[in-house]
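Trainee: Just need the whole structure built from these sequences, with the hints factored in.
For the protein sequence lines, the chains are A and S, in the order given.
Position one of the first sequence corresponds to residue 1 (my numbering), numbered consecutively onward.
Position one of the second sequence corresponds to residue 1 (my numbering), numbered consecutively onward.
Accuracy of the hints is not assured; some may be wrong.
For identical chains, the list gives no copy identity; a pair is met inside one copy or between any two copies.
Said to hold, decoys possible - Heads up, simulated EDC-like pairs for lysine to aspartate or glutamate below, C-alpha to C-alpha not over 20 Å straight-line:
#1 LYS13 / GLU27
#2 LYS13 / GLU72
#3 LYS13 / ASP53
#4 LYS22 / GLU47
#5 LYS60 / GLU72
#6 LYS13 / GLU68
#7 LYS13 / GLU63
The hints are simulated quantities; they were obtained by calculation from the structure and are not laboratory data.
Number of protein chains: 2
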Amino acid sequence: MPVSTNTRELFAKRLRQIRLSKGLSQEALADLAGLHRTYVGSVERGERNISIDNMERLAKALEVDTFELLREQRHEFPPRQEDT
Amino acid sequence: MPVSTNTRELFAKRLRQIRLSKGLSQEALADLAGLHRTYVGSVERGERNISIDNMERLAKALEVDTFELLREQRHEFPPRQEDT
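Mentor: Here is the structure:
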């Protein structure tokens with residue numbers, strides 16, 4: 001069964017996570033995506049019923065596939081165990 | 001790098017694939033999701049800039065996570081090898 005998390009909130013959370021992981025401000029991301037900074041801020045607060053076309057613009061600006069913005073973060077890259 | 005497929009077209013394709021895999025008509029899916037049949041048809045033709053809230057309604061009706069509607073189908077369940 002799908003998780004019960006609201007999709008809009010999940011998108012907001014993942015957008016912020018991935019944006020920060022790329023070292024981008026909301027303004028820098030907005031510029032890259034051709035969107036307004038205040039719009040990106042409201043999306044990150046889950047206030048906007050964002051369209052699929054704008055989701056794609058944000059994903060392209062972040063250089064990720066769009067579905068990554070709707071998938072819970074998993075521990076795909078655990079801390080490396082050093083061979084000592 | 002992300003695939004170059006247009007996200008809207010990918011969503012349309014995946015929606016149709018998953019709907020058919022569940023044995024649902026467009027009308028049955030529309031009823032389950034609380035949307036209009038003609039709207040679902042136009043989404044499956046990639047004509048609509050669907051919103052994240054409606055993506056969620058369709059995903060819930062199909063009992064999948066929303067991101068599955070934006071991810072290329074992979075061969076996650078290959079034919080089983082019988083031990084003979």
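Trainee: Run every hint past the structure and note whether it holds.
Mentor: Taking the hints in turn, this is what the structure says about them:
Proximity of LYS13 and GLU27 under a CA criterion of 20 Å is satisfied intra-copy only: 17 Å inside one chain copy versus 33 Å between copies. Proximity of LYS13 to GLU72 under the C-alpha cut-off of 20 Å is restricted to the intra-copy arrangement: shortest distance 9 Å within a copy versus 23 Å between copies. For the identical chains of this complex, LYS13 and ASP53 are neighbours both inside a copy (19 Å) and across copies (16 Å), given an alpha-carbon limit of 20 Å. Taking CA atoms no more than 20 Å apart as the test, LYS22 paired with GLU47 passes in neither setting, with 23 Å inside one copy and 32 Å between copies.
Within a single copy, LYS60 and GLU72 get their C-alpha atoms as close as 19 Å, and across copies as close as 16 Å, so both meet the 20 Å cut-off. Both within a single protomer and between protomers do LYS13 and GLU68 lie at most 20 Å apart by alpha-carbon distance, with minima of 11 Å and 18 Å respectively. Only within a single protomer do LYS13 and GLU63 lie at most 20 Å apart by alpha-carbon distance; the minimum there is 17 Å, versus 22 Å between protomers.
Of the hints listed earlier, the one the structure fails to meet is number 4.
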